[in-house]
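Both chains are given apart, each in its own frame, so use the hints to dock them into the complex.
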Amino acid sequence: MPSWSSIASAIFSLDAVYVLTGLVLWVFAALNFRDRDNANRRGSALFWFVLGVVFIFGSVTPHWLTGLLVLLMVGLDGAGRVGHKAHAEGTTKSGQAEPKGTSLGNRIFLPVLLIPALAFGVALAFRFVGGDTSRGALVGLGFGGMAALFAGLYLTKGGAREAFAEGRRLNDSMGSVIVLPQLLASLGVIFAASKVGELIAAGIKGVIPGESLFLLVVANCLGMTLFTLVMGNSFAAFPVITTGVLVPLIVRPFGVDPAMAAIITLTAGSTGTLMTPMAANFNIVPAALLNMRDQYGVIKFQIPFALTMWVLHVLVLWLMIRLL
Amino acid sequence: MPEIFKLAGVLIVVVGLALRLRTTLVVLTAGLVTGLVAGLPLLSGVGAFEGVPVLTKPGQEGIINILGRAFADNRLMTLFIITLPAIGLAERYGLQEQSARVIRRVSAATVGRLLITYQLFRVLMGILGIRLLGHPAFVRPLVFPMALGAAESEAGARSVEALPEKEVERIKAGSAASENYGNFYGQNLSPVQAGILLVYGTLNSPALGYAVSLWSIVLYAIPIAVLSVVVAAAQFFLLDRLQRRRLAVAGREDAHAVVE
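Chains as they are written, first to last, in this note's numbering: chain L, 177 to 500; chain X, 827 to 1086.
So that you can see chain X by itself, here it is in the shape it has in the complex (with noise of 0.2 Å):
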């Protein structure tokens, strides 16, 4: 069979993610696939199924041995589990309101310094190895809403009507990035958190054999996420002088228009 279609497993999940299938059964569709397309037997030829045929090749480790294998050495990354009754707990006496409580002391004056504060707020969940479903718990109840009032306010609007929608959209995009990057580029700032833990565990493992710590790791991802806030706060407040161009603009056509 060509080498090319080897590539078969990445078309199943584009087209099973397109379709909205189950993820994970995608996922191990297309991992059964291009083992089988690339000539893995199921099985590996050892213990009890030594020269059994078809399912077993002589020498060659069989897919779902490399699946039971990878699964179990990457049980790091699903270690979480094991804070979810504290933090359940925690949720139930009100985490996630005292974070709002704390979130709305933040007094930004534009779009743009909110929305950096949050950034980096979110940075240090990452640091502290905390996860965050962040849009729903923070960003569609209180990072959006912040960012619309501070926006008004500069605009010397009254309602939200008064901005203009096209604005109002761009705040929405704004709010879910900010989220976004400070997940992203946050979250390899500690050891505990599942891209270093999945870098770890693939630099370790038998096939590469490099003894590399936690620590080391974490060390090197230090200037990309500094970067990542830097160019952040940039993108941000550009949309901040941006909008107040634009608004200032459509505030000379609103006065031309009452002048007429």
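Bound conformation, chain L alone (with noise of 0.2 Å):
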């Protein structure tokens, strides 16, 4: 008979969040094969199974069947089969329902305010039986969300159906975009493993004399910034960065904190997102939505801002690493 503890810990593992996400996956592929009102409900269903299949044995299928899985998601998706099209025939479209008259108030905040409650908490019961404290966030995060859609229907007297169709609303308003992140990061890891970040780092060692912190620090956060406009994001930047120029060239001949030297680099990257039209989301979308003149109004007014944060970025990483 297992005991208490291997139970405990199984069920509170970050594999277990995984499941409990690819069902939930499964869910939305469900209610998106039923909406006869799509003309691409077999794609954009297939997607989401496909997707809830990664998340539910992506830790255990071997790495070429799940890349294959991604093959097939971002095919489905570059076909145009995700997300949703009328018929050629079909008037209806699928929009948020219109808000229930609520009298609920502030307490309407309680749920959702669940969920960072619960990843502290969680958090902070690994803390105090000796566990991971990282994965007791991400564990804690799964479970706020179920906690938070038990506290939601007990407080909005709602339907789990309901619940499930606004959440599937949520989903395909967002579509393939949602694991964008996810797979910038791995175009970042296969970057990395092509040695991208070598080519920057020889370029790098080849105009500053390696013993200069200041120097390597500049670099290091000017290659993240150009990367990053370049590229329009900088998810897919940090890992070529972090790997082929950060961690060699600073990290390891300085002895610093990696935790540090990282994020101070990445959102030295976020600097250039402010200042780069590829990132049409944060900064072309909204000037159309405000009815600009100047569909680059938005970059020029962020770009005094982002530049002073350049300047503190490399100033903060180099004192950090000096003083700590």
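Take these hints with a grain of salt, some might be off.
[Stated by the list, open to error] No farther apart than 16 Å at their CA atoms in a straight line, the calculated lysine to aspartate or glutamate pairs in the EDC-like style are these:
{"id": "1", "chain 1": "X", "residue 1": "K992", "chain 2": "X", "residue 2": "E978"}
{"id": "2", "chain 1": "L", "residue 1": "K371", "chain 2": "X", "residue 2": "D1066"}
{"id": "3", "chain 1": "L", "residue 1": "K371", "chain 2": "X", "residue 2": "E829"}
{"id": "4", "chain 1": "L", "residue 1": "K261", "chain 2": "L", "residue 2": "D211"}
{"id": "5", "chain 1": "L", "residue 1": "K261", "chain 2": "L", "residue 2": "E387"}
{"id": "6", "chain 1": "L", "residue 1": "K261", "chain 2": "L", "residue 2": "D213"}
{"id": "7", "chain 1": "X", "residue 1": "K992", "chain 2": "X", "residue 2": "E887"}
{"id": "8", "chain 1": "X", "residue 1": "K992", "chain 2": "L", "residue 2": "D470"}
{"id": "9", "chain 1": "L", "residue 1": "K476", "chain 2": "X", "residue 2": "E995"}
Hint data in this document are derived by calculation from the structure and do not stem from the laboratory.
Structure representation (structure tokens):
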């Protein structure tokens, strides 16, 4: 008979949360499949079903199979088979249902606040029993999502069907964009395995003497920001710069705390995101949403802020390495 | 092949996004091309694929394998899907309307004060690990109209048309920027947000092999987050001052025009 502690550690594991997330995705897939108003219902349903498979079995399936499943998902999306598409003759549109008249007031925040509360709470509990608090926060996020659902159902007297229909609406409104951070991080890993970072590092070493910490910090932040400017996203740039430049040129030779150096490098990338039209969702779409004359108006406003922040990133990173 | 050709993937992303092709497809193509240019095989030569020519190379991890491994490792970043039914239900029962009511209660006398207040609200959402599409949900329907209202009442103008168009454009840009500033730097203050999870996953991956805690990453995100609020506040208050000066000049010119 398995011991209580082994049962508990199986329930409060990251894999359990992955499985729960996968099951939620399967419900979204089923709801998509049953939506006869959507000409894309089969493609959409398959996309979310496959993502659910990756979530549930991703820790045990061989990597080549997961890789092929990702190819299938991207193929479906690339062929325009994911997302809502009305039938040629149909005029129905699936949008958000009218919000129900509410007398809940600020109590509507309670279920939502339960999510971060449990993320912190479970992390604390893990600390108490000597577990990994990082994993605790993620397990807490998973169980927080479930607890918030039950609390919400109790509070609103709504039904589970309604909750999953609304969850699916949110999910579908983001569509394939949901997996983009995960996919960009994977792209960064492929870039890193292709030694793109070493290429950049070689360029840096060619112009900067290895012993100048300040210049290396400048080069690291500049590389991260430029790479982000070009790619429109710091998530793909980060693994490349970290494995190719930050760790071999700064963290290892100078004995720097990797957590500190890495997060400051990531946000140095964010200053690039503020300045590039390639990050359309943050810079171009809002300009359109606000009917601005100049589609680059948001970027132009952000440039002085971003440049100031960039200089501060260099100074903070350099100072923290020197002082800590 | 020259080393520099490895940057083909970067070029594919630039061109693909500029042509507004499907982002997922562009990203994946860039990965496959970069791996092939670097001489990586498509598949690892292990198990059933051992010794398969063309597709595999002995001792090298295949691109598809790397893709699958990285995608599975980074499931952390998409874990928030589990919260969607709860958030969706709360939205159905007025989450956004109630948030709007709370924001509207803010009585900020100037554009700058309103924008920095919204940014702080956005940072708070980040700390709580709550993801928002802030531009359509808050900036367009709420922050911009409120900022415009603040500018009008300060200028003593009676209608939207009375504010010079250039000023309105600046207020629009500032409203969108306050969302981006708060979102980008606030989200790193929670251990369950994508950026922190990316750093955690990358440092803890076998390639680097550091044992780093999520909480230490969050801790080191604080200085930059604080600075982002300070720098933004400076920019927004400068916007207020310049606006006041420009409107005063415009007002005097109007007065002259009336006298003449």
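Structure-based check of all given hints:
{"no.": "1", "hint": "X:K992 <-> X:E978", "in the structure": "holds, 14 Å"}
{"no.": "2", "hint": "L:K371 <-> X:D1066", "in the structure": "violated, 48 Å"}
{"no.": "3", "hint": "L:K371 <-> X:E829", "in the structure": "holds, 9 Å"}
{"no.": "4", "hint": "L:K261 <-> L:D211", "in the structure": "holds, 11 Å"}
{"no.": "5", "hint": "L:K261 <-> L:E387", "in the structure": "violated, 58 Å"}
{"no.": "6", "hint": "L:K261 <-> L:D213", "in the structure": "holds, 8 Å"}
{"no.": "7", "hint": "X:K992 <-> X:E887", "in the structure": "violated, 56 Å"}
{"no.": "8", "hint": "X:K992 <-> L:D470", "in the structure": "holds, 11 Å"}
{"no.": "9", "hint": "L:K476 <-> X:E995", "in the structure": "holds, 11 Å"}
Going down the numbered hints, you'll see the structure goes against 2, 5, 7, while the others check out.
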